[in-house]
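**Student:** So the protein sequences, as listed, match chains A and B. At the far end of the first sequence sits residue 301, using numbering that gives the first Met the number 0, and the numbering has no gaps. At the far end of the second sequence sits residue 359, using numbering that gives the first Met the number 0, and the numbering has no gaps.
Quick caveat, the hints were computed from the structure, so don't treat them as lab data. The beta carbon of each residue, even a glycine, is placed where N, CA and C say it ideally should be. A few of these clues could be false.
[Unchecked claim] Some chain B residues well away from chain A (every beta-carbon gap over 12 Å; in silico):
{"#": "1", "residue": "P4"}
{"#": "2", "residue": "D17"}
{"#": "3", "residue": "R49"}
{"#": "4", "residue": "M92"}
{"#": "5", "residue": "E111"}
{"#": "6", "residue": "D160"}
{"#": "7", "residue": "Q180"}
{"#": "8", "residue": "T229"}
{"#": "9", "residue": "K260"}
{"#": "10", "residue": "G261"}
{"#": "11", "residue": "N298"}
[What the hints assert, rightly or not] The calculated label-pair distances, taken between Cβ atoms and stated as ranges, are:
{"#": "12", "chain 1": "A", "residue 1": "Q294", "chain 2": "B", "residue 2": "K169", "range": "34 to 44 Å"}
{"#": "13", "chain 1": "A", "residue 1": "Q294", "chain 2": "B", "residue 2": "E184", "range": "39 to 49 Å"}
{"#": "14", "chain 1": "B", "residue 1": "K169", "chain 2": "A", "residue 2": "R112", "range": "46 to 56 Å"}
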Amino acid sequence: MSARAPLSALRRFVLGAPALWLLLFFLAPFALVMKIALSKPAIAQPPYEPTFSLADGWHGFLDKLGALSFDTFDLVISDDLYLSAYLSSLRLAAIATLLTLLIAFPLSLAMARAPKHWRTALVMLAIAPFWTSFLIRIYAWIMLLKEEGLINKLLLSLGLISTPLSIFATEGAVLIGIVYSYLPFMILPLYNALERQDPALLEAASDLGATPFTSFWTITVPLARSGIFAGVLLVFIPAVGEFVIPDLLGGSDTLMIGRTLWNEFFDNRDWPTASAVAIFLLVLLIAPLMLYERQQMREPAR
Amino acid sequence: MGGAPLLRLARVTKAYGDVVAVRDLSLDIPANEFFALLGPSGCGKTTLMRLIAGFETPDDGRIYLDGQDITDLPPHLRSINMMFQSYALFPHMSVAQNIAFGLKQEGRPRQEIASRVEDMLRLVQMVGLGERRPDQLSGGQRQRVALARALIKRPKLLLLDEPLAALDRKLRHDTQFELMQAQRETGTSFVVVTHDQDEAMVMAHRMAVMRAGAIDQIGAPREVYEEPATRHVAGFVGETNFFEGRVIQYMPGGVAIETSKGLKLEAFCQQHPAIGAKVTISIRPENLRLSAPGVFSSNGSAGEILDQVFREGLSSFRVKLDTGDLVHVRKSVSEGGAQHARGERVFVSFAPEHARALLT
Numbered sequence: 000m001s002a003r004a005p006l007s008a009l010r011r012f013v014l015g016a017p018a019l020w021l022l023l024f025f026l027a028p029f030a031l032v033m034k035i036a037l038s039k040p041a042i043a044q045p046p047y048e049p050t051f052s053l054a055d056g057w058h059g060f061l062d063k064l065g066a067l068s069f070d071t072f073d074l075v076i077s078d079d080l081y082l083s084a085y086l087s088s089l090r091l092a093a094i095a096t097l098l099t100l101l102i103a104f105p106l107s108l109a110m111a112r113a114p115k116h117w118r119t120a121l122v123m124l125a126i127a128p129f130w131t132s133f134l135i136r137i138y139a140w141i142m143l144l145k146e147e148g149l150i151n152k153l154l155l156s157l158g159l160i161s162t163p164l165s166i167f168a169t170e171g172a173v174l175i176g177i178v179y180s181y182l183p184f185m186i187l188p189l190y191n192a193l194e195r196q197d198p199a200l201l202e203a204a205s206d207l208g209a210t211p212f213t214s215f216w217t218i219t220v221p222l223a224r225s226g227i228f229a230g231v232l233l234v235f236i237p238a239v240g241e242f243v244i245p246d247l248l249g250g251s252d253t254l255m256i257g258r259t260l261w262n263e264f265f266d267n268r269d270w271p272t273a274s275a276v277a278i279f280l281l282v283l284l285i286a287p288l289m290l291y292e293r294q295q296m297r298e299p300a301r
Numbered sequence: 000m001g002g003a004p005l006l007r008l009a010r011v012t013k014a015y016g017d018v019v020a021v022r023d024l025s026l027d028i029p030a031n032e033f034f035a036l037l038g039p040s041g042c043g044k045t046t047l048m049r050l051i052a053g054f055e056t057p058d059d060g061r062i063y064l065d066g067q068d069i070t071d072l073p074p075h076l077r078s079i080n081m082m083f084q085s086y087a088l089f090p091h092m093s094v095a096q097n098i099a100f101g102l103k104q105e106g107r108p109r110q111e112i113a114s115r116v117e118d119m120l121r122l123v124q125m126v127g128l129g130e131r132r133p134d135q136l137s138g139g140q141r142q143r144v145a146l147a148r149a150l151i152k153r154p155k156l157l158l159l160d161e162p163l164a165a166l167d168r169k170l171r172h173d174t175q176f177e178l179m180q181a182q183r184e185t186g187t188s189f190v191v192v193t194h195d196q197d198e199a200m201v202m203a204h205r206m207a208v209m210r211a212g213a214i215d216q217i218g219a220p221r222e223v224y225e226e227p228a229t230r231h232v233a234g235f236v237g238e239t240n241f242f243e244g245r246v247i248q249y250m251p252g253g254v255a256i257e258t259s260k261g262l263k264l265e266a267f268c269q270q271h272p273a274i275g276a277k278v279t280i281s282i283r284p285e286n287l288r289l290s291a292p293g294v295f296s297s298n299g300s301a302g303e304i305l306d307q308v309f310r311e312g313l314s315s316f317r318v319k320l321d322t323g324d325l326v327h328v329r330k331s332v333s334e335g336g337a338q339h340a341r342g343e344r345v346f347v348s349f350a351p352e353h354a355r356a357l358l359t
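Please put together the full structure from these sequences, using the hints given.
**Tutor:** Right, dumping it as structure tokens:
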């Protein structure tokens, strides 16, 4: 008994630590954001009211509690601006995720089928961009994409185009930025899933009369399903809320929810509405996570 | 029928870099045969099988199936199927889907696929387990699903890569007979690749013993056992005793040799070695006589019983000869040959016609 006591204390700590982490860094901030979303904007410091304080006493606390309202949520739902920003974000994130998947799948497949002694080096190459700051890499894309940028200069000097392409400050530039930035997050889970596949399975399929095309769609892709799901989520979720890429590479007409949120927060100083926008976004992104959870449950145990 | 064999390999060579895995190999396999490719690991038997299946292309030589040149045909166009050593069952498909896979590729109607899958489940005694997933099956059941999946297209030839290697001893024994029965019932030619000579001896109609990318000998198991063509075959197929020496004299039907320790022995010989040539005599443990000293005095040596092991109705002795050689002698207990105590002096000898003098 005495020997087990410290062990079980350790166990309790190990099990409790993630819960504590979630409480401190997720639930508590979420409660704060929720409270701000229920407040009203004010010209004050901080720019919303009511603000709770210990000096209020019990009645003061109840009064202020009564002053909280769901007005901001009503606003976010009723104003088309927010709805179209959400939809536009979802659309851009979906297109970017699809493009990332289409590029990452052949890359991951090639990595997984490469000779064993090359694979580690290829994985390192795939994550090599992370050694440079994300922001700097996005700035570098401005240099590449703008009208007098490198890409246009190259195409012009090759005579392939006569007038510079205007990619910069368009949705296309935003898509390029997202696909480029999130590609490693798609490659790693895909590579992991593909690398585990027994090459004998494809030989067996071929032996039973399947063409390489059929083998790919009936064996390789279904067995990579968990990797595809993980990669899609890792790209799609952050891409929906992406702010830096549309802000730096997008034009004024590129509507994304991350930028809308920024505008509410910093330009309009409307913290309650910004908070409500953030909470809707969170709710929106829980849906794909729950889908992922369900697919994980269906995955046969290995 | 008659005429062309089902499978013909004509002077096939395959090398990986500097390593020649299969060297100028020719082989014919008729229809409805249970054939075993036997050899130690690295002898080229796996490469040979992959060449037949189409996963590898020979550097030289041709492969014919039913008279048709299939050398350059990809695997999915050959009417040959294979049972993989790891079974390679598709983990995301049920047993029935796994078995149906081959027929689906042929685009057969649903009804036909369903009934043929059912037939296959019956053949491998897995009726009612069609909805299971591979990870819900035992090792023996997986093996049977793999067999059913490979047989459902009614291939002319079925390749089996170490089909029993993943099974435990008891199961292996039973499965041998199931495979033999499946071969009889389907009439498909089975080519089993194995490193286990017991498996080949039990199951095969004919077997090829391979070494270093070439076939040392082809024949019925009993023939290979009794008339080994080379020292490698004699040592690989069954247990044997070797005596190395030089030819000193020709005898009727054989040769007399003298070992480096001065032992003079006679043995049957199918070749014609020169006087002085190095040969090896192979004599099976069951063909050695143990007698009291003085009864026999030729074609053998006196020695002392080292130890005795009793197993499956047989007594195995290790005898240390006075020349220093160690020999194994096996006697059936029912023949009354089991009464020798440890340390007992005996004379070990053999009839020349039971021993084989081998040049290589």
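**Student:** State for each hint whether it applies.
**Tutor:** Quick rundown of the hints versus the structure:
| no. | hint | verdict |
| --- | --- | --- |
| 1 | P4 | holds (22 Å) |
| 2 | D17 | holds (18 Å) |
| 3 | R49 | violated (9 Å) |
| 4 | M92 | violated (9 Å) |
| 5 | E111 | holds (15 Å) |
| 6 | D160 | violated (9 Å) |
| 7 | Q180 | holds (23 Å) |
| 8 | T229 | holds (33 Å) |
| 9 | K260 | holds (51 Å) |
| 10 | G261 | holds (55 Å) |
| 11 | N298 | holds (53 Å) |
| 12 | A:Q294 <-> B:K169: 34 to 44 Å | holds (40 Å) |
| 13 | A:Q294 <-> B:E184: 39 to 49 Å | holds (42 Å) |
| 14 | B:K169 <-> A:R112: 46 to 56 Å | violated (39 Å) |
Comparing the model with each numbered hint stated earlier shows that hints 3, 4, 6 and 14 do not hold.
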